[in-house]
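Undergrad: If you're matching them up, the sequences are chains Z and E in order.
Under the working numbering, the first residue of the first sequence is numbered 1, with each subsequent residue one higher.
Under the working numbering, the first residue of the second sequence is numbered 1, with each subsequent residue one higher.
One thing to keep in mind: the hints can contain errors.
To be verified - Derived lysine-lysine pairs resembling DSS-like cross-links, with alpha carbons at most 30 Å apart:
hint: 1; chain 1: E; residue 1: K111; chain 2: Z; residue 2: K19
hint: 2; chain 1: Z; residue 1: K303; chain 2: E; residue 2: K14
hint: 3; chain 1: Z; residue 1: K483; chain 2: Z; residue 2: K385
hint: 4; chain 1: E; residue 1: K14; chain 2: Z; residue 2: K253
Claimed, not checked - Listed next, the stretches of chain E that the computed footprint assigns to chain Z, with coverage defined by at least 3 CB atoms under 8 Å from CB atoms of chain Z:
hint: 5; region: 10-24
hint: 6; region: 54-67
Everything labelled a hint here was simulated from the structure, so no lab data went into it.
Idealized CB from N, CA, C, for every residue including glycine.
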Amino acid sequence: MSVSSVFPQLEQLLPRVSKPIQYVGGELGAVVKDWDATTVRWALMYPDAYEVGLPNQGVQILYEVLNEQEDVLAERTYSVWPDLEALMKENGVPQFTVDAHRPVKAFDVLGLSFATELGYTNMLSALDLAGIPLHSADRDENHPIVLAGGHASFNPEPIADFIDAAVLGDGEEAVLEITGIIREWKAEGRPGGRDELLLRLARTESIYVPRFYDVDYLPDGRIQRVVPNRPDVPFRVSKRTTMDLDAWPYPKKPLVPLAETVHERYAVEIFRGCTRGCRFCQAGMITRPVRERSITTVGQMVKEGLEFSGYSEVGLLSLSSADHSEIGDMCSGLAEQYADTNVSLSLPSTRVDAFNIDLAQELSRNGRRTGLTFAPEGGSERIRKVINKMVTKEDLIRTVVTAYSNGWRQVKLYFMCGLPSETDEDVLEIAEMAHEVIRAGREAAGTKDIRCTVSIGGFVPKPHTPFQWAPMDTPETIDRRLKMLKNAINSDRGLGRAIGFRYHDGEPSLIEGLLSRGDRRVGKVILRVWEKGGRFDGWSEHFSYARWIEAADEVLPGFGVDLDWFTTREREEQEVLPWDHLDSGLDKDWLWQDWQDSKSEFEQDDCRWTPCFDCGVCPSMDTEIQIGPTGKKLLPLTPVNNLRVPA
Amino acid sequence: MPIAFSQGFTPHPKISYASAAPTGVGSEAEYLEIGLQAPVDAEALRVALDAALSPGLDVLEAVIAGPGSLADRIDASRWRLELPGVEPEVAEKAVAAFLGSSEVLVERMTKQGRRSFDARVAVTRCEVADAPDLPSEAVAVPCAIIDLVVRQVTPAVRPDDVLSGLRVVAGLEPPVPPRVTRLAQGTLTAQGEIADPLDADREDVSIGER
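Excised from the complex, chain E in its bound form (with noise of 0.2 Å):
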């Protein structure tokens, strides 16, 4: 791929990451710009990245930029927490409880030491999913899920924080380390719905099969 390079004395491709999911999570909507030297077919583009990239690192669509830039077309997250162990009903009394603060204050290790913040006003969403479809091998074992939406803010408040936060307000511990996966990034609509960051983009060009 012609992709194209910064100026200065080592040379980085032009590659911008969006709010990029932290280590440690799944997701299944990471978005990236790249920056090329000349005119690229988006779906040759698509199909030679997800080559070159490792199993299970899938690159779904690709479409040429419009105006303007990625990061200002995000500004929510949708996230899944699974919760091996945890009972439904326990987990929607801590949602409940979570919802129900007006400030929940955590804290998280970052680069600048032990930072307090409140996880509570990112949240716009924290629901326990009522029917569950389990993953097969958690038929015996309870597992309740929660499916959060959470804006983006500084300092940003991650999936990590919300479960903090569910700790310290109705003592929520899960047993074994949740499962997290990012299902959406976007803007955030008045419904409270995520709208795809691409959808600007997708009218004149050719769109990836998804």
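One chain only, chain Z, in its complex shape (with noise of 0.2 Å):
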């Protein structure tokens, strides 16, 4: 039965809403197959609108990797506007992706990727437009399996009733063994309807159903535990890692889009996974071990990304760039071979170290010099031993000074807001830095000219990091702090006139917590709130926080629990966490040590370039650290000739 475009329905409501052009699709690298010849087909959603969901690395990875199987099709879906919602809702167009404008109920699959928590309510948003029940428990074998993909799945509980299974972790390899799943279910007729499909599903052992376990509470409203409710689902489910990065050099056709997105350029992950051991961050806790792709393998896919895309824009994109061992070849190896092109190159920078100007250095070379970037993520020295990023305060100074000597005249500098421990004083010293930066690098520029910009925003625990067992600070208390710090950097007139200061206010991030650390009762709340009207949780136009908190009245106290049994307590070492079944390889008892490690103070080395700490992802995942250097250079291009006619 093959399955028509919704367009024409979908075309009569576009000249009523805002930016028709991101719903039309037809993106260089869209790929149109014949629904017929195809026997597994995927909507892959990312659930945000369009620009930003467009340039995501990873559903561009899987687009790529699906579509490459021949008798497999991927579409892609976003998140539809207010406005185009209510249209669709009214006329009776579903969901649609946007490659082929087909019906996402039609499909096999429905994988979202979740980056953030605050996408939750935009999820309920598509089922609802798709025509799939909310619920998990009220699907057939009419529905898609609805499939929790990115970091936000490493604890996927709060979304438990309305998703059908999690994968954690890597989705090249995970994506294909769940199609040859569903190709040989369907084959065989289908025996057993969804539920065997699901079974078959959590048997690998790294694909979460999370209608296969139960969850029982203790009388204080802690979790007593969670098992499995059937006999033949294992007890923990185990993350993804994709190993060797150069045998998946993906994306190699990069989506060129019509419609403005937020990034606009070539991305190249040079890089998976980070040991530098950050506490609050949670992708360099789940994402290890640290697998390197080799310069040659970066240098080939920028040379056919940018021939596929027409891009004049390259990311060298990973968790810490410049810690990648040929980095230093690899930019200047780059920057020679696209120097008299329009092709600017650029590397997110979060080292603070003069390491990090050299690079940025190499890589304005044709004289195109944008801001740069530094995160030291805490305001004092102890604060930041505490998170374990080692960077005293005379490195820092000495390193944003180098920039601005070297003709850098914006500097901008990261930091968070309500870390662990963190007193009022942590969060001053940043305004004593930025001045000292701003004094220090007059001096050393010579010139008034320079500006630093300070960007702060909410820490937020998260599952699978030291700091998930750690409170939160209340909104009023960061939002506090957050004006004190913009007063400090004001009380100096002179200086604060150089100085930029951009911040995030408290409440979402608490909201974000809630999300992220939250169990299957919060989900109860998520559905409140997308009852209530709540979407796009994190567009600050479009997120209450007194909708959020509303619904957490309505529904917590009835469990026994509250927001801030959620946010701002402090988790035991014995509490079982509602993640504990989900194994990202780091070892529990590694993890409470680090978090013990971070209240004295205590810094914790990187085992990429000192021995194995024992965090127990290597030996419980059966990967290892993949590092070169493998000593090779990037040869001069060769020209090739302007005009290249497709045939």
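Fit chain to chain and form the complex, with the hints in mind.
TA: So, in structure tokens, the structure goes:
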């Protein structure tokens, strides 16, 4: 049975909505396949607006990996803005993919990539528009498997009622394995229906199917245990790790949108994983070990990706790009290759040291020099020891001043507020540091024309990190400290004028905290918020703190807990955490020890350069650190004939 | 393609669009100029651009530009307005009322806020096509089709402004959003026809197959 496009109905509505181009598809790199010529069909969703979702690397990689399979079809769907959502409901137009405008409900799998928990309400909107029952328990053979991935899926408990399954970790191989299971089940005539399919997925031991697990609670509200409710599913579900990134050089054909998006560049992941051990950083904890892509593969990807897409910007991405074992040769080699072109190269810079400036200098050889960013994360040396971001005040100021004396005029500094054990003084030191940076910078640059921007957001404790036990500060505390900091920066008018101040309020962070460390009971809050109109919670103009508070107050007391219980409460060592049955490879005892080390301000080295400190990941996941150097260099590009006409 | 870039801190590709159609309408006649760093065969450029663009965005022809700018050769557009659900006779009455007025004031939101302007002055032709060859899906539904020629004036008068004018003078309210397509752009001749802006450059260069 073929599935027809909903575009004729959708097109009628497009003149009445903002930015209609985001709904038409047709991007360079988009793939449209014959529905009937394929056997397994995926709808991949990034549950945010198109402009944010389209550049997402994870979706682009899986889209390409799946579409390379002859009998597999993958299309993309994004959240529609409330203006179109209302018109679609009114006119009976379902949630659609942008590639061929097929209804999402017709696919075998709806795979959602959650980079942040604030996308949960958008998932409910999409399910509702698609005509898929919101609750997993209400779905039958006619509905897609709703599958969650992305970093937030390391604790999918708050959305356990709404999803059918979750994949933890890297998706490249997981999507192929899931495809294989579905292909086989369909070929056999769908024996046992939906339940049997979910069971087959669960038996892989790396796909979590929440319905096969029961959660029991203690009288005081804590979790007693999470156990399988049938004998044939595993007690613990493990994350996936894609090894040998050179074997997975995706995206090869990056999507080039017609609409404006937040990033318009070819992004190449130069390595995955990070062992710097910043205690607040969930990405660094759950993506271990470090796996580098070799300098030559990166060079090849950049060349082919640019040729395919025509992008004029390349981002060399990772969690700490300056740490790549061949980053120096990579940057100088690429800078050389693209010296006389309009291609600009960029490196996200979070490391606070002079080497980062050398690299930035290399990459801006063609004269285009944008701002430099450093992320000290904590204002005082003490708090930086607590979070294991090892940089002294002197190093930090010296590094920033070096940037100014090398010609940079604009430097951004990233911080967090509300870190464990933080005091007012820790935050106020940011103002001192910023003043010192401007004072020394003016002297070194010989001009008053320099600026620095202090950007600060609220800290959110995340699962699978040493701070998973930590109490959050209240939004009142965060907002008070941010106000104090702002006043302190402006206390010296001459210096304060050169310092920009950007901050995020404490309220959205608290809700993100509820969602990131929540359990299945929080799902009822999410549903209630969505019913009250909650959408696009990552957008300040759509986020409503009052709505979340109201919903939490309606739902949580029935379970004997409240918002504070999930957010500002410190957990004890013996407490069963909602995600304990989901295995990121990190040894819980090691995490606890690291939490204790944090309290005593004891720093932890990086196992990339120092001996293993037994975090547990490599032995339990059967993985290893994969780093260079390979000793290879990037060769000059052979001049290509500019005029290349496709046959 | 060896596309030329502007100077400055963030160089932009040298592409200029001459009176681009508004969002939400179809077009069979958009024109743009591209600056190149080196001579390129016009047909080869057409093929390469067409291959890179989305389905539905078709590059029909490329010529090497002679002196003068493209914008100077475009002062009018011809549009087809399909009004599903509107009887041709009803549309004809509205069009007659519109043409019979010396001025038809309409309002539109612009970047500067709500503006009121005359939609009549720019219209040089507005006719209801008599025997429309209807799209097959609309067999049972009446569908008036309006043939419209509008001069470029400031502020620009767009097809939706003319539709607003038909509402103002005759209360014409199409039940579903009309489908609007630009059919041609170019210089308005004395006979009221539109001359193809590429004509002047066609003599000595290879011409793309149409």
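Undergrad: Now, for every hint given, state plainly whether the structure supports it.
TA: Here is how each hint holds up against the structure:
1. E:K111 - Z:K19: holds, 15 Å
2. Z:K303 - E:K14: With Cα atoms ~23 Å apart, K303 of chain Z and K14 of chain E stay inside 30 Å; holds.
3. Z:K483 - Z:K385: Holds: K483 of chain Z and K385 of chain Z sit about 24 Å apart, inside 30 Å.
4. E:K14 - Z:K253: holds, 25 Å
5. 10-24: Our answer is that it holds, as 4 residues pass the Cβ test (under 8 Å) against chain Z, meeting three.
6. 54-67: holds (count 4)
Of the numbered hints listed earlier, not one is contradicted by the structure.
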